[in-house]
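Engineer: Got chain H; can you put chain W on it based on the hints?
Chain by chain, the residues run as shown.
Number of protein chains: 2
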Amino acid sequence: MVYLRRKILLSGTALNQLQKSLRWSSSLKIRDKNEIRPERSFKYADLSVRLAAPHQLQPKPNVRALSFGKYFTDHMLKIFFYETLGGWQTPEITPFENLVLHPGAKVLHYAIELFEGMKAYRGVDGKIRLFRPELNMERMNNSAVGSGLPSFNGNELIKCFTRLISIDQEWVPHSTAASLYIRPTLIGIDPTLGVSAPDSALLYVILCPVESYYNTSMENGVSLLADPRYIRSWPGGCGDRKVGSNYGPTIKMLKKALKKGYQQVLWLYGEHNEITEVGAMNIFMVYLNDDGEKELVTPPLNGLILPGVVRNSILALSQEWNQYKVSERKIYMKEICRLLSENRLLEMFGSGTACIISPISNIGFMDRDFHIPTLQQSDPIYKKLEKHLKDIQYGYIPDHPWTITID
Amino acid sequence: MVYLRRKILLSGTALNQLQKSLRWSSSLKIRDKNEIRPERSFKYADLSVRLAAPHQLQPKPNVRALSFGKYFTDHMLKIFFYETLGGWQTPEITPFENLVLHPGAKVLHYAIELFEGMKAYRGVDGKIRLFRPELNMERMNNSAVGSGLPSFNGNELIKCFTRLISIDQEWVPHSTAASLYIRPTLIGIDPTLGVSAPDSALLYVILCPVESYYNTSMENGVSLLADPRYIRSWPGGCGDRKVGSNYGPTIKMLKKALKKGYQQVLWLYGEHNEITEVGAMNIFMVYLNDDGEKELVTPPLNGLILPGVVRNSILALSQEWNQYKVSERKIYMKEICRLLSENRLLEMFGSGTACIISPISNIGFMDRDFHIPTLQQSDPIYKKLEKHLKDIQYGYIPDHPWTITID
Numbered sequence: 001m002v003y004l005r006r007k008i009l010l011s012g013t014a015l016n017q018l019q020k021s022l023r024w025s026s027s028l029k030i031r032d033k034n035e036i037r038p039e040r041s042f043k044y045a046d047l048s049v050r051l052a053a054p055h056q057l058q059p060k061p062n063v064r065a066l067s068f069g070k071y072f073t074d075h076m077l078k079i080f081f082y083e084t085l086g087g088w089q090t091p092e093i094t095p096f097e098n099l100v101l102h103p104g105a106k107v108l109h110y111a112i113e114l115f116e117g118m119k120a121y122r123g124v125d126g127k128i129r130l131f132r133p134e135l136n137m138e139r140m141n142n143s144a145v146g147s148g149l150p151s152f153n154g155n156e157l158i159k160c161f162t163r164l165i166s167i168d169q170e171w172v173p174h175s176t177a178a179s180l181y182i183r184p185t186l187i188g189i190d191p192t193l194g195v196s197a198p199d200s201a202l203l204y205v206i207l208c209p210v211e212s213y214y215n216t217s218m219e220n221g222v223s224l225l226a227d228p229r230y231i232r233s234w235p236g237g238c239g240d241r242k243v244g245s246n247y248g249p250t251i252k253m254l255k256k257a258l259k260k261g262y263q264q265v266l267w268l269y270g271e272h273n274e275i276t277e278v279g280a281m282n283i284f285m286v287y288l289n290d291d292g293e294k295e296l297v298t299p300p301l302n303g304l305i306l307p308g309v310v311r312n313s314i315l316a317l318s319q320e321w322n323q324y325k326v327s328e329r330k331i332y333m334k335e336i337c338r339l340l341s342e343n344r345l346l347e348m349f350g351s352g353t354a355c356i357i358s359p360i361s362n363i364g365f366m367d368r369d370f371h372i373p374t375l376q377q378s379d380p381i382y383k384k385l386e387k388h389l390k391d392i393q394y395g396y397i398p399d400h401p402w403t404i405t406i407d
Numbered sequence: 001m002v003y004l005r006r007k008i009l010l011s012g013t014a015l016n017q018l019q020k021s022l023r024w025s026s027s028l029k030i031r032d033k034n035e036i037r038p039e040r041s042f043k044y045a046d047l048s049v050r051l052a053a054p055h056q057l058q059p060k061p062n063v064r065a066l067s068f069g070k071y072f073t074d075h076m077l078k079i080f081f082y083e084t085l086g087g088w089q090t091p092e093i094t095p096f097e098n099l100v101l102h103p104g105a106k107v108l109h110y111a112i113e114l115f116e117g118m119k120a121y122r123g124v125d126g127k128i129r130l131f132r133p134e135l136n137m138e139r140m141n142n143s144a145v146g147s148g149l150p151s152f153n154g155n156e157l158i159k160c161f162t163r164l165i166s167i168d169q170e171w172v173p174h175s176t177a178a179s180l181y182i183r184p185t186l187i188g189i190d191p192t193l194g195v196s197a198p199d200s201a202l203l204y205v206i207l208c209p210v211e212s213y214y215n216t217s218m219e220n221g222v223s224l225l226a227d228p229r230y231i232r233s234w235p236g237g238c239g240d241r242k243v244g245s246n247y248g249p250t251i252k253m254l255k256k257a258l259k260k261g262y263q264q265v266l267w268l269y270g271e272h273n274e275i276t277e278v279g280a281m282n283i284f285m286v287y288l289n290d291d292g293e294k295e296l297v298t299p300p301l302n303g304l305i306l307p308g309v310v311r312n313s314i315l316a317l318s319q320e321w322n323q324y325k326v327s328e329r330k331i332y333m334k335e336i337c338r339l340l341s342e343n344r345l346l347e348m349f350g351s352g353t354a355c356i357i358s359p360i361s362n363i364g365f366m367d368r369d370f371h372i373p374t375l376q377q378s379d380p381i382y383k384k385l386e387k388h389l390k391d392i393q394y395g396y397i398p399d400h401p402w403t404i405t406i407d
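Just so you know, the sequences run in chain order H and W.
Here full-length UniProt numbering is used: position 317 in the first sequence is 317, and no number is missing along the way.
Here full-length UniProt numbering is used: position 172 in the second sequence is 172, and no number is missing along the way.
One chain only, chain H, in its complex shape (with noise of 0.2 Å):
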């Protein structure tokens, strides 16, 4: 049987540190937790299992040759919704196979969608870990909330896909430099048209053994295109929830930087050009400030970006190392460009659960490039801060409180 176990060692440093984690924790600024119903969930007691034939397993992929996303294991987790029928159905692991929908089913067409983006770690002990699911179960709620579909408790449904992971174990890599993501999905799917709140759902959970996101980023950096014309979000929208509508309106700029030999997007807001995210990362930077001091900066939780759980930990890690000044404030290029003149600009890197860490090293803006300088220096704070994570995950650290380990 499958069981959560959150291992932590009630000494002072720990018990501290996760104090601390705590505080960051709540600078998640879910929205709206209080039209959350966790009371009204399906529950991982009710959970049936249908498992694939033998001859339905599929051969598992060269742990070398992953990409992301291509991949899927050999089972999946679904939860029904119908409001007409009480709400949550029962939970239930099946093979993995293709969904069944109907064509006027919402999702299709008024995007009434959201997702979640999570990893299991296969760590140097042989133990599979989870790594701060909470945040992301509070996440895709306050995502469910904003889109009209339903919310549930966080809790059974980690506990539901750790049994998941748990059946398809074999997928979860044998290797620190891969991992299996984990996606759960909640889509809307009543058959009418009609812009409405939907009262059928579908919760799936799928798995795909990855690589990192950006393969080549961790070598060369990757390079990114500022276009103050094209905007991702802003005040009064949803830029701060994980829902589909993120990404799509996202694809043509994205092609544009493709063409012009960019990697990723460096997302702009406002007559200032506030930098907010890029591509699908926070974004951070480390600089010398008027003082002198090393400083990490990253941009506030002002709804124009997501909530990152990534962005989370490197901002409790950052304070609890008390090495160099941490602040969430705008950043704007204008600053980038005068601190690139003035050398004090250090490292600019993204940050997300597909790539972890994301050292950026050029960004092209106003039709020039601007060289970012992240991987010439000589003690980098990305490079910790990866580590550390990476240390974490992977079971470095054994125990630490930011993991639940899958037996």
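Mixed in with the good hints there might be a few duds.
For identical chains, the list gives no copy identity; a pair is met inside one copy or between any two copies.
[Unchecked claim] Within a straight-line C-alpha distance of at most 16 Å, the following computed EDC-like cross-link-like pairs (lysine to aspartate or glutamate) qualify:
1) K255 / D391
2) K252 / D32
3) K60 / D367
4) K33 / D227
5) K255 / D199
6) K259 / E35
7) K384 / E156
8) K78 / D46
9) K252 / D199
10) K127 / D391
11) K78 / E295
Quick caveat, the hints were computed from the structure, so don't treat them as lab data.
Structural biologist: Chain W alone, transformed into the frame defined by chain H:
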């Protein structure tokens, strides 16, 4: 066999009328015309038809209890696109059936999806007519280009779904209070996670016999909630494309409006509360201007609103009639309040394919209710426009150049 016939009386009047309509047509302001590749299209000549078996045919619903988007006809049109197979595949008409989608399909995660809305009308002469479908095709291709989805030759799609309508022609209501709603939908279906332009897509068309979208609105008018904290679209976004992402994020605000007793949302933008759209409609205002003239005004196509086909037609008809002043310009909430206090605001109404024209009777704004006297006018413009559009659509004016007759 189905063929298209555009009946244009080449009398001086009709020609004049057509030229005027074409002038306004160009104001749909399609952004990326040069990126549309009609030469790389599926072709009507390749269409295959598989008819439903007799036992699959559904009973037709009562034409007086259709509501919107609830019943679907017996057949559908499907056209797949696979980049690796050379692009568009051959169009096929099949029995209406569920779609089978990979759980990783991009439409389900990243809202890579768009749609159109048109209607087929059963005229008083028994003939079935389409209304300016070429404009919907232009807009659909524009949405496709903006979503990284493949474009196509709009005329070929019109011919394909005209055939579909012809097969399901008994589903076109024998009523001038109902019609057959046509929903072309284009979705990205690549079975891979990761935000990128899709290389697999499905274009499908489904049909629904429908009543008016807001069924009681013609008698009572619609009541709108305007809340500046929620923003539908913004410059540099996709508010002028008919993509799913413009709808999903509006659900929360719509729910809020319904809860407060309003029927729809009036979307505002910017610090001066510019009005943009209402629900899924364009918006119009009739008022007495500073010169004491009656003036019809509607927000401009500045990227924040959908370039509506009915909007375009209302402007074209108004120009042709030359009985009141017509302008496209920004309208602010402040102006609405002022005009109301001076008894100079006469009418407000929404326009769209689903509702045609929907008079507005009330706007809730800043905790106040503003009564709009649209229904109190003795000879309102909205009624005249609505009657004229219906006269064209239902063949009271039998050979209008805006209609295509399905024989």
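Engineer: Tell me, please, which holds for K33 and D227 at an alpha-carbon limit of 16 Å: within, between, both or neither?
Structural biologist: Close neither inside one copy (34 Å) nor across copies (21 Å); limit 16 Å.
Engineer: Tell me, please, which holds for K78 and D46 at an alpha-carbon limit of 16 Å: within, between, both or neither?
Structural biologist: within (12 Å within a copy, 39 Å between copies)
Engineer: How do K78 and E295 come out at 16 Å by Cα distance, when the copy is not named: within, between, both, or neither?
Structural biologist: Classified as neither; 45 Å inside a copy, 56 Å across copies.
Engineer: Measure nothing new, just compare the shortest in-copy and cross-copy C-alpha distances for K259 and E35 to 16 Å and report within, between, both or neither.
Structural biologist: between (43 Å within a copy, 14 Å between copies)
Engineer: Have a look at K127 and D391 and pick one of within, between, both or neither, based on CA distance no larger than 16 Å.
Structural biologist: within (13 Å within a copy, 72 Å between copies)
Engineer: Please sort K60 with D367 into within, between, both or neither, judging by C-alpha distance up to 16 Å.
Structural biologist: Intra 45 Å, inter 60 Å, cutoff 16 Å: neither.
Engineer: What label fits K252 with D199 when the C-alpha limit is 16 Å: within, between, both, or neither?
Structural biologist: between (32 Å within a copy, 14 Å between copies)
Engineer: Is it within, between, both, or neither for K255 and D391, if the alpha carbons may be no more than 16 Å apart?
Structural biologist: For K255 and D391, the Cα distance exceeds 16 Å both inside one copy (35 Å) and across copies (45 Å).
Engineer: Have a look at K252 and D32 and pick one of within, between, both or neither, based on CA distance no larger than 16 Å.
Structural biologist: between (31 Å within a copy, 11 Å between copies)
Engineer: Between K255 and D199, at a C-alpha cutoff of 16 Å, which is it: within one copy, between copies, both, or neither?
Structural biologist: between (35 Å within a copy, 13 Å between copies)
Engineer: Can you tell me if K384 and E156 fall within 16 Å by alpha carbon in one copy, between copies, both or neither?
Structural biologist: So K384 and E156 fail the 16 Å test inside a copy (34 Å) and across (58 Å) alike.
Hints 1, 3, 4, 7, 11 from the list above are not met by this structure, while the remaining hints are.
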